[in-house]
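Position chain X against the provided structure of chain F, taking the given hints into account.
Chains F and X are the protein sequences, given in the same order. Residue numbers for the first sequence follow the numbering used here, beginning at 1 and rising by one. Residue numbers for the second sequence follow the numbering used here, beginning at 143 and rising by one.
With a Cα cut of at most 20 Å, we get these calculated PhoX-like pairs of lysine-lysine: (1) F:K113 <-> F:K125; (2) F:K64 <-> X:K170; (3) X:K170 <-> F:K56; (4) F:K64 <-> X:K171.
Some, not all, of what chain F presents toward chain X, calculated at C-beta under 8 Å: (5) L8; (6) G13; (7) I18; (8) L26; (9) K69; (10) S77; (11) I97; (12) M106; (13) S107.
Just so you know, the hints here were simulated from the structure itself, not pulled from any lab data. Treat the numbers as computed from the prediction; the structure is a model and nothing was measured. Beta carbons: idealized from backbone N, C-alpha and C, even for Gly.
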Amino acid sequence: MKVLYYVLAFIAGASLSIEGAIGGTLGENIGEIETTFYMFTIGFMTVTLITLFFGKGDLSQTFKVPKWKLLGGTLGSFYNLMLVISVPVIGVGLAVIAALFGQIAMSALIEHKGWFGSSAIKFSKNKGIAIVLLALSLYLVY
Amino acid sequence: MGIIIVILTLISGAVLGAQSAINPAFAKKAGSLESAMVNYFFGAVIMGIVVVLFGKVDMIAISKVPTWQLLCAFFGVGYVVLTILSVPKIGVSTAVILVIVGQLTTGMVVDNFGWFENSVIHFDLKRLSGVVLMFIALYFSLKTDPKKKEAQRYEVAK
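Bound-form chain F, shown alone:
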């Protein structure tokens, strides 16, 4: 049964790439920011429906938590916009690797500093190796 969830996680990743691949094409047709706006609007509608039926959390927390905790969507929209812009130029594969590189390096920095309430984890040798390898990988694919 667990295998099903492994497959689901894999499909989740595949969906991300397909979103970028199709979004890039749509971006060329109707404009990049328009495409990102469209993605988030339809995404919001769909997730609202899903939350209505399956959500078990507490939406009212939105008004109680410190405002910086709500920044996620704003940051996410910049990432999506950049993906829509980059895919037609550099392809999906390179876009994925470049974004992962930035993501992993940033995560290491955030943890090192303990920002956003994360427990501080000092930058280790392994993290360094990982980032060098990622840079190499980016260079090869580029």
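For chain X alone, kept in the frame of chain F given last:
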């Protein structure tokens, strides 16, 4: 041109890294689906403003594209929902690795065949070694300190 786009994409990945640090802080209080919903809401609001300020504001153009191009939004939602479903069952780090494997495999396949009207970029030895290095990097990145579950940082949900 290409290199600038690569650097900008890298920066956007860094922004996403910040987002995945912020998300759990809110999701812990409000719930995963609720957090995704609020994120989508603010993403839509911000992009709505950006479209009005800088866009062609010609959303009518959307009625002229083939329907399959409009499916991109649902793949994004699919990612969010599938991650929320699988993380509690298989754990964050396993899920993160599988998501990245799925992302890379699909990305390389789409490029190789030029699916969805994208230009064809053939899968060659350089790309293969890039992907292999990527997985070794992932191994090093995740093995650092298992106790802290740092993999959580990559738990990306819009």
